[in-house]
Amino acid sequence: VNPKLFGKAWLAGGYLFLYLPIAALVIYSFNDSPLPNEWRGFTLNWYVKLASDTEMLGGFWLSLKIAFMTACASVVLGTLAAFALVKYKRFAGRTIFSGMVTAPLVMPEVIIGLSLLLMLVSVQRLLGFPERGMMTIWLGHLLLGLAYATVVVQARLNDLNPQLEEAALDLGARPWQVFMLVTLPMIAQALLSAWLLTFTLSLDDVVISAFLSGPGATTMPLVIFSRARLGLSPSVNAVATLIVLVVSIGVIAASLMIARNERKRAREMAEAARN
Amino acid sequence: MTVAARLRSLATGRVAVIGVPYLWLLAFFLLPFLIVLKISVSEMETVRFKDLLSFKDGVLHLTMRFSNYAFITEDALYFKTYLSSIKYAGVTTLLCLLIGYPFAYFMARAKATVQPALLMLVMLPFWTSFLLRVYAWKGLLSEHGWAYELLTATRLDVALAAVGVIPAPGQLMNTPFSLVLGMTYTYLPFMILPLYSNLAKMDLRLLEAAADLGATAWVAFWKVTVPLSKAGIIAGSMLVFIPCVGEFVIPELLGGPQTLMIGHVLWDEFFSNNDWPMASTVAVVMVLLIIVPLAIFNKYQAEAQEVRP
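Sequences listed follow chains A and B, in order.
For the first sequence, counting from 1, position 230 maps to 230 in my numbering; every step adds exactly one.
For the second sequence, counting from 1, position 263 maps to 263 in my numbering; every step adds exactly one.
Worth flagging that the hints you see were computed from the coordinates, not collected in a lab.
By construction, the Cβ of each residue, glycine as well, lies at the ideal position given by its N, Cα and C atoms.
Among the hints, a few may not be true.
Residues on chain B that point at chain A, a partial pick, calculated with CB under 7 angstroms [unchecked claim]: (1) 13; (2) 17; (3) 18; (4) 20; (5) 21; (6) 22; (7) 103; (8) 132; (9) 139; (10) 144; (11) 242; (12) 249; (13) 297; (14) 301; (15) 302.
Using the sequences plus the hints, can you model the full thing?
Structure representation (structure tokens):
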């Protein structure tokens, strides 16, 4: 067997495996049948129905709010945690700290959800708040988001040349000025990808939300999950297609922007080298 | 600013940078888990749990109840569930490695110009909803679904039934097969990404050296490439295995009555039986199961981040 050909075939097979389900979701969202895997002709009916689906729309709006708050808070806390791990190689309990930061990456979500809920219930008994709802879901998502944001920002900080910051300090900049004027512009791209990643994670979460949601706080994934549990539902396919559309546009726009910035930076570096 | 003042301001910055996320994690990660530990040994009263510590007749009493733990170790169903969770997670990890390793390898050896696009194509499904992609398999594996048609037309379902992962030819949904397929599909990118970043960094001159010393490509692959990618294999396997052990959504949507998973049991104890101490006990035992893989993962994660070029 020609190894080059074998490699190409393996990659093609792998991508087919990864994208086949997504393609099926999109195609069958236009299917004129209540059972979305037997083709009976083209329709936009499910999208029209979606526009008046108050349960789904309400869930979508709530999920959007939680995802926005999660992404913002995760990036702030994650940047702090990444700085702590990269800049300070020694402090009391550093091992526990780095363990606690990365554990939620792999920790089964049922454990995160259950333990946070039991704590919130205990706090509620002592103090009378918080009520379960949007804010408690946000707390749970933040735990997950913090872990992912830290890993993304930490990887970028590790690649930075520490001499740039030291030079700024030597030239008399105060630490926060160094951060705002030197470090922040260099890690801005990592912060953006951490924000987008934690946003999508929050928008997608079922298990933590199920534990921490209260009456009236049903996120979009919870609505989708309860319908998917009952069986196949074309409304879910329509939602999926819209999400795929938005994500594709977002990712393509972001990667074009990043590629343009990289080219610009390469040009500037070349110019600086010539001068 | 004097040197002393500069040092002071650096020190307060340090306290804030470390302190804020540290306290946050202690309050919302460690403390909740300690509460789970406490509730797992508490007696359930109608609304609240009995305090573990009580002060009676001038003596401090500590009341702990281990009956939940005793029940879990004695009850055959719990034991079987833990065992089958580990089995399904293990098989999934193995399949992800078998598919993902060659995949990551060919990605890393592709032309440098196409690699960013290949990488982006692996990440893209990860950005679209995980829940919806799992749901998609429900349609694909049910009657008239694409995967159903493909597997029955090629008579592969007969082979699957012979191996025992589906009860009979033509019954693909709600079986061990659909569960493992769904988990492999979902977690495959988690295996590919660390393997790719590891394999892409490899110094290819080592392979030339191996060839110069008389090794065939196949021998060089097993003696040079695979040992050098050990860190990637371990990181990827842990990223797949640990969350799979406690997976809930995939067994709920694609699993069936045969596929016992511990995440599901925890969910039922909590939401259906309202037995919080039992749910807590199940959670504690689950953490005990994954603590060793978790420690290995944390060690490799920390090492990967500490290394500087």
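Okay, the hints, checked on the actual structure:
At about 5 angstroms, the closest approach between the beta carbon of residue 13/B and any beta carbon in chain A falls short of 7 angstroms, and the interface hint on this residue holds. Of the supplied interface hints, the one on residue 17/B holds, with its beta-carbon coming within about 5 angstroms of a beta-carbon of chain A, less than 7 angstroms. With a cut of 7 angstroms, the hint placing residue 18/B at the interface with chain A holds, because the nearest CB-to-CB distance is about 4 angstroms. Interface restraint check for residue 20/B: the shortest CB-CB distance to chain A comes to about 5 angstroms, inside 7 angstroms, so the restraint holds.
Residue-level restraint check for residue 21/B holds (minimum Cβ-Cβ distance to chain A is 4 angstroms; threshold 7 angstroms). Of the supplied interface hints, the one on residue 22/B holds, with its beta-carbon coming within about 6 angstroms of a beta-carbon of chain A, less than 7 angstroms. Nearest Cβ of chain A to the Cβ of residue 103/B: about 5 angstroms, under the 7 angstroms cut. The hint holds. Below 7 angstroms, beta-carbon pairs count as interface contacts, and residue 132/B has one with chain A at about 4 angstroms; its hint therefore holds.
Interface restraint check for residue 139/B: the shortest CB-CB distance to chain A comes to about 4 angstroms, inside 7 angstroms, so the restraint holds. Satisfaction of the interface hint for residue 144/B is found here, the shortest Cβ-Cβ separation to chain A being roughly 4 angstroms, below the 7 angstroms cut-off. Restraint check, residue 242/B versus chain A: the minimum CB separation of about 4 angstroms is within 7 angstroms; hint holds. Hint status for residue 249/B relative to chain A: holds, with the closest Cβ pair at about 5 angstroms, below 7 angstroms.
Because the smallest distance between the Cβ of residue 297/B and any Cβ of chain A comes to about 6 angstroms, under 7 angstroms, the interface hint for this residue holds. For residue 301/B, the interface hint holds, since its Cβ comes within 7 angstroms of a Cβ in chain A; the closest pair sits about 5 angstroms apart. With its C-beta approaching chain A no nearer than about 5 angstroms, residue 302/B sits inside the 7 angstroms limit, and its interface hint holds.
Violated hints are absent here; each numbered hint is respected by the structure.
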